[in-house]
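Construct the complete structure from the given sequences, taking the supplied hints into account.
Per our numbering, the sequence shown starts with residue 2, numbered consecutively.
Since the hints were made in silico from the structure, they are not lab data. A portion of the hints provided could be inaccurate.
[To be verified] Straight-line alpha carbon distances no greater than 30 Å define the calculated BS3-like cross-link-like pairs of lysine-lysine that follow:
hint, residue 1, residue 2
1, K3, K27
2, K176, K3
3, K176, K95
4, K95, K175
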Amino acid sequence: MKHDPDDLIMLFSDLFREDYRTVLVKGSDEPEYLPATASGSYAQIIFAHGYYASALHEISHWCIAGEHRRTLRDFGYWYCPDGRNEAQQQAFEKAEIKPQALEWLFSAASGTRFHISVDNLSGCGAWDENAFRSNVRAQADYYLEHGMPARAGLFFETLKTFYGTAADFNEVWKKETRRLMPDDSDTDTEVD
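Shown next as structure tokens:
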């Protein structure tokens, strides 16, 4: 199955362009969120290098951001780039649980592979990758059981319909969690 970021741009636009005055845009180097600057303009979710996974990740951040945060550049969050020390990495991993949980669910709904990202290759690495991985999975499971934020839920359902994963999503999710959670009690795990 082909996964074209232009499909995500179209789906996102169909769902959110008018009601939320927000568009998804292919960017170059770094992802970024730019709020609308004038009446009638659109906020932009800019994803890196036209990568499909980057688009899903940036959409995840947008789906979590509340109304006020969506008026702020990059939702008003700090971002310390690759090369973080241990304290900075610990804060990063805590802040990334919910967005990566949504990204994982969006990836499964679209039939693409998700990769946990501690995003700190030049620094001290992960603070606690196993705990981070477990926390992301627990949050994703929580979303599946108790519901996602409204925009995330709408996008998730749209992805399942567009990519034809709705009927067998539970099986897809079980396979995905076995693939990314090699320490689970299931013995038929597949790891990257």
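Status of the hints after comparison with the structure:
This hinted pair checks out: K3 and K27 have alpha carbons roughly 17 Å apart, not beyond 30 Å. About 20 Å separates the Cα atoms of K176 and K3, which keeps this hinted pair within 30 Å; it holds. Between the alpha carbons of K176 and K95 the distance comes to roughly 25 Å, so the proposed pair stays at or under 30 Å and holds. Only pairs whose Cα atoms come within 30 Å are accepted, and K95 paired with K175 is accepted, the gap being roughly 24 Å.
Checked against the numbered hints above, the structure violates none of them.
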